[in-house]
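Asks: Put together the whole structure using the sequences plus the hints.
In the working numbering, the protein residues as written are 1 to 267.
Some hints could be false.
What the hints assert, rightly or not - Here are the computed distance ranges between Cβ atoms for each label pair:
1) C153 with Q260: 43 to 53 Å
2) L85 with R173: 22 to 32 Å
3) L145 with A241: 38 to 48 Å
4) T79 with I233: 47 to 57 Å
5) I242 with G75: 46 to 56 Å
6) R173 with Q260: 28 to 38 Å
7) T7 with F256: 27 to 37 Å
8) T7 with A255: 28 to 38 Å
9) R90 with V133: 29 to 39 Å
10) C153 with Q223: 14 to 24 Å
11) P76 with L48: 29 to 39 Å
12) R12 with M227: 49 to 59 Å
13) G75 with L48: 27 to 37 Å
14) M82 with M244: 46 to 56 Å
Because the hints were derived from the structure by calculation, they are not lab data. C-beta atoms are modelled at their ideal positions from N, C-alpha and C, and glycine is treated no differently.
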Amino acid sequence: MRDLHPTHFNWRVDGSIAVISLARPERKNPLTFDSYAELRDTFRGLALDEAIKAVVIAPNGGNFSSGGDVRDIIGPLLTRDMKGLLAFTRMTGDLVKAMRACPQPIIAAVDGVCVGAGAMIALFADLRIATPVATTAFLFARVGLAGCDMGACAMLPRVIGHGRAAELLFTGRAMSAEEGERWGFFNRIVAADALEREATSLAESLAQGPTFAHMMTKTMLNQEWSMTLDQAIEAEAQAQAICMQTHDFKRAYEAFVAKQKPRFSGD
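Replies: Next up, the structure:
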């Protein structure tokens with residue numbers, strides 16, 4: 001996928017890090033039918049690309065995303081029948097499912113506006129870094145829709161807690177960067193001119209780590225939602241036993257004995 005040439009978003013690869021940003025900064029990077037589908041297909045493809053070790057979703061022009069394009073999406077949806085509407089809502093859900101199934105860690109670097117479907121993309125990233133002016137809103141209720149969009153009612157309570165999630169989803173109000181960090185939505189806040197550098201640096205540190213084990217961590221974070229505690233403990237025992245068969249596990253031991261820093265290769 002290193003040579004990917006998307007039409008509806010920006011893409012570059014720096015070493016083993018893929019950097020994605022939405023297009024049309026003059027409109028605060030809205031999503032369209034085509035960009036939803038292209039992003040979904042890209043994350044599905046990343047699952048098969050062992051050369052890319054981590055992904056950064058970056059802002060563009062001082063904003064992350066203004067969500068679904070009012071003119072290009074909401075207007076046309078008013079003309080669709082139920083079958084057509086369900087095809088669209090399932091496609092949007094397929095995007096975030098592809099992000100969770102993507103084995104690489106995904107870091108969202110959030111600046112400025114991050115609302116609607118844009119907020120959902122940030123939510124379904126594995127880690128989130130923001131600037132002080134980042135404004136995040138799950139504003140579906142403000143356009144006459146339920147807050148249960150693209151998995152919001154499943155994921156947001158797990159990240160910030162049920163009561164806080166309920167407030168944001170019922171009211172559609174904006175969450176400030178400070179609230180987001182305090183509530184656990186953002187891992188940290190950094191200056192705007194350092195945002196992409198910090199996100200890329202974090203991605204590079206993950207890419208230099210035991211990437212097979214990172215994949216297993218992401219897999220277990222996803223799968224253990226629906227497990228009992230006993231099931232989760234057993235699943236983790238099996239996952240860890242698999243990781244103990246990797247060369248990276250042996251490399252870490254040999255580096256420890258030699259009092260050196262391990263150099264992982266992801267195998």
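Asks: The hint says 43 to 53 Å between C153 and Q260; measuring C-beta to C-beta, is that right?
Replies: Taking Cβ atoms as reference, C153 and Q260 lie about 47 Å apart, which means the hint holds.
Asks: Between L85 and R173, does the beta-carbon spacing fit 22 to 32 Å?
Replies: Cβ of L85 to Cβ of R173: about 26 Å, so the range 22 to 32 Å holds.
Asks: With respect to the beta-carbon atoms only, verify the hint that L145 and A241 lie 38 to 48 Å apart.
Replies: For L145 and A241 the Cβ distance comes to about 45 Å; the hint holds.
Asks: Does the Cβ distance between R90 and V133 fall inside 29 to 39 Å?
Replies: About 34 Å separates the Cβ atoms of R90 and V133, which means 29 to 39 Å holds.
Asks: Go ahead and decide if the range 27 to 37 Å is satisfied by the Cβ distance of T7 to F256.
Replies: Between T7 and F256, where Cβ atoms are some 48 Å apart, the hint is violated.
Asks: Take a look at whether the Cβ-Cβ distance between R12 and M227 falls inside 49 to 59 Å.
Replies: Given range 49 to 59 Å: violated, Cβ gap about 38 Å.
Asks: Regarding I242 and G75, is the given constraint of 46 to 56 Å on their beta-carbon distance met?
Replies: holds, 49 Å
Asks: Within 27 to 37 Å or not, the Cβ separation of G75 and L48?
Replies: holds, 36 Å
Asks: Could you see if the CB distance from R173 to Q260 stays within 28 to 38 Å?
Replies: The hint (28 to 38 Å, Cβ to Cβ) is violated, given that R173 and Q260 are roughly 51 Å apart.
Asks: Starting from the range 29 to 39 Å, see whether the pair P76 and L48 falls in it by beta-carbon distance.
Replies: For P76 and L48 the Cβ distance comes to about 32 Å; the hint holds.
Asks: Just tell me: holds or violated, for the beta carbon distance of C153 and Q223 against 14 to 24 Å?
Replies: Holds: the Cβ-Cβ distance is about 19 Å, inside 14 to 24 Å.
Asks: Can you let me know if the beta-carbon spacing of T7 and A255 is within 28 to 38 Å?
Replies: The hint (28 to 38 Å, Cβ to Cβ) is violated, given that T7 and A255 are roughly 44 Å apart.
Checked against the numbered hints above, the structure violates hints 6, 7, 8, 12; every other hint is satisfied.
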